[in-house]
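A.B. asks: Line order of the protein sequences matches chains G and H.
Going by the UniProt record's numbering, the first sequence opens with residue 1, and the numbers climb by one from there.
Going by the UniProt record's numbering, the second sequence opens with residue 1, and the numbers climb by one from there.
Rather than coming from a laboratory, the hints here were simulated on the basis of the structure.
Careful, some of the hints might be misleading.
As the list claims (entries may be wrong) - Partial list, derived from the structure: chain G residues whose beta carbon lies under 10 angstroms from chain H: (1) R55; (2) A60; (3) V61; (4) A99; (5) L110; (6) V183.
Just so you know, even glycine gets a beta-carbon here, dropped at the ideal spot from N, CA and C.
There are 2 protein chains.
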Amino acid sequence: MAEVIGGPEWPFDEVSGEEYARLSALYEPLTQAIRDLVDAGVRTGVDDETITRAREAIEAVTQTLSSRRHDRTHTLRHADTGRPLAWANPAVGLRNAIAPPMRIERDNGLWVSEFSLGAAYEGPPNLVHGGICALVLDHLLGEAASNGLTEPKFTGTITLRYLRGTPLGALRAEAWIDRTDGVKTFARGVLRDADGVTVEADGIFIRPSWARVAE
Amino acid sequence: MAEVIGGPEWPFDEVSGEEYARLSALYEPLTQAIRDLVDAGVRTGVDDETITRAREAIEAVTQTLSSRRHDRTHTLRHADTGRPLAWANPAVGLRNAIAPPMRIERDNGLWVSEFSLGAAYEGPPNLVHGGICALVLDHLLGEAASNGLTEPKFTGTITLRYLRGTPLGALRAEAWIDRTDGVKTFARGVLRDADGVTVEADGIFIRPSWARVAE
Numbered sequence: 001m002a003e004v005i006g007g008p009e010w011p012f013d014e015v016s017g018e019e020y021a022r023l024s025a026l027y028e029p030l031t032q033a034i035r036d037l038v039d040a041g042v043r044t045g046v047d048d049e050t051i052t053r054a055r056e057a058i059e060a061v062t063q064t065l066s067s068r069r070h071d072r073t074h075t076l077r078h079a080d081t082g083r084p085l086a087w088a089n090p091a092v093g094l095r096n097a098i099a100p101p102m103r104i105e106r107d108n109g110l111w112v113s114e115f116s117l118g119a120a121y122e123g124p125p126n127l128v129h130g131g132i133c134a135l136v137l138d139h140l141l142g143e144a145a146s147n148g149l150t151e152p153k154f155t156g157t158i159t160l161r162y163l164r165g166t167p168l169g170a171l172r173a174e175a176w177i178d179r180t181d182g183v184k185t186f187a188r189g190v191l192r193d194a195d196g197v198t199v200e201a202d203g204i205f206i207r208p209s210w211a212r213v214a215e
Numbered sequence: 001m002a003e004v005i006g007g008p009e010w011p012f013d014e015v016s017g018e019e020y021a022r023l024s025a026l027y028e029p030l031t032q033a034i035r036d037l038v039d040a041g042v043r044t045g046v047d048d049e050t051i052t053r054a055r056e057a058i059e060a061v062t063q064t065l066s067s068r069r070h071d072r073t074h075t076l077r078h079a080d081t082g083r084p085l086a087w088a089n090p091a092v093g094l095r096n097a098i099a100p101p102m103r104i105e106r107d108n109g110l111w112v113s114e115f116s117l118g119a120a121y122e123g124p125p126n127l128v129h130g131g132i133c134a135l136v137l138d139h140l141l142g143e144a145a146s147n148g149l150t151e152p153k154f155t156g157t158i159t160l161r162y163l164r165g166t167p168l169g170a171l172r173a174e175a176w177i178d179r180t181d182g183v184k185t186f187a188r189g190v191l192r193d194a195d196g197v198t199v200e201a202d203g204i205f206i207r208p209s210w211a212r213v214a215e
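Just chain G, with the same shape it has in the complex:
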């Protein structure tokens, strides 16, 4: 029952479409501001005193935001779509500055996300860190295998083949279900830049036993 990535058994509260729109309009600009700050932190070349003052200002904001906070993240399910919102998710979370964030669209059987990765995601010079490629592909294959996180599945195995370096900048990830065999769903995916595929991924996702018992 480990690494479950979807399913109705999660303790979600529902949120209406209207409330979702309100919360998104509130949290997205905050998170984008923090994301821009992460990038500025990587790239800044200001003097020591300016850095010290910046740190103090950031600490003050953190204190304010922490005056009321959740011990753990609070996942909501969209009342209209049935999909979890995954606010805090480090790949797609609208409330997580670590996330690029990926926005995932469904195009027939294909799960697609287009996003841009900047300096904070760099491994080798000018290239995306291989582990970040793994993060986005793991997430997208999981979305495909779990039908957008609505069916409980856990990740069994994932294999990534790096065909060439993935440049920073505009990227596109795609994932789809290759086949299903009993409790196992085989998902595949690719990461692409403008010139074609840079990384291929194969994953095996498994329906947990408690979900099988419930059927």
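Since the structure of chain G is provided, determine the placement of chain H on it from the hints.
C.D. replies: Chain H only, in chain G's frame:
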């Protein structure tokens, strides 16, 4: 020549041990402050007006830090150890708030990192996102295969086997070289919580042709 993760051909400037200590003392607290802000952004439950004011304060800090910045990250090599500092790296970077950060120690042939992952790294409730497990293991296997990023290697393939969910909190990752066969280095690793291994990883790393020609 893609996905190169180490090697003397990188255009590094050297930094003395003394200057490294000074820069670390300056940047580490700034980055930790941003990291704490990322966590606060995920978890905050303050009212709408407070969020708007927080966003404005963050945008002001970003503007200050961006008044002088590098177009791309600037990798330095430690004069004493010969190792790149990887300030900006999203797994180990002391200047990257996305990074936990992993601090890597060498224990004979074992590469080890102990770190703690909080709410910003959560996938399923209370568990680390599978793609974050992939990020830390990809990075650590790469360190092992490239002898601490001092030998040029690129990642060919990496496979992750999720044995069970990885809980948020204190974790330990380990990696080692399993064997070498011509230009291929086979590295392995595990992610552990207090109860044992949660994820296993196998990677194949390849010495690039330009490094082979130079030998």
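A.B. asks: Looking back at the hints listed earlier, which ones does the structure fail to meet?
C.D. replies: The structure conflicts with hints 5, 6, although it agrees with all the remaining ones.
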